[in-house]
Amino acid sequence: MGKELVSLKMTMEIFDLGSKDVSIIEEQGQLQKKGDLTVLTFTENKGKENETRSMVTMKSDEISVKRSGAVSMIQKFKKKETTENVYRHPYGMIHMKTMTDQLQVDLDKGSIFISYKTNLNGGNSRRHRLTIRFQRNSNE
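So for the sequence shown, my numbering puts the first residue at 846; every next one is plus one.
Do not take every clue at face value.
Computed list of lysine-lysine pairs in BS3-like fashion (alpha-carbon distance at most 30 Å, straight line) [what the hints assert, rightly or not]:
hint, residue 1, residue 2
1, 878, 923
2, 854, 921
3, 962, 924
4, 891, 854
5, 848, 878
6, 921, 893
7, 921, 954
8, 925, 854
9, 891, 962
10, 954, 879
11, 904, 879
Since the hints were derived computationally from the structure, they do not count as laboratory data.
Given these sequences and hints, build the entire structure.
Here it is, written out as structure tokens:
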């Protein structure tokens, strides 16, 4: 498969001390398969000061999210494993520990779901749910 244009909607839910914060991003992107990897790329806030490029790399048992631009990080998700990374943004750096509970990818249905907990700079854990839905554009 070459590069396919897609429309995507990314929903991030964060549960912290009884409250829920939801952010939704809707963008155009590209989906490409390279061997056993599938890569989804898109840009948030294109052309603005806080532009951020995102690359979601999917293998059968692992997902990696790389963000660069206004913020930068590489976050790896492996089911039932803890991973660590550094999140860099204009106000400083945050050390993140991530424990992935669920990881589901269905490329035919255009669905990615990750449920995980993060611990930021040694603080309290927060529950996250990341859902990405994408649809292949028919008029390429």
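Violated constraints from the hint list, given by number and in increasing order: Per hint list: zero violations.
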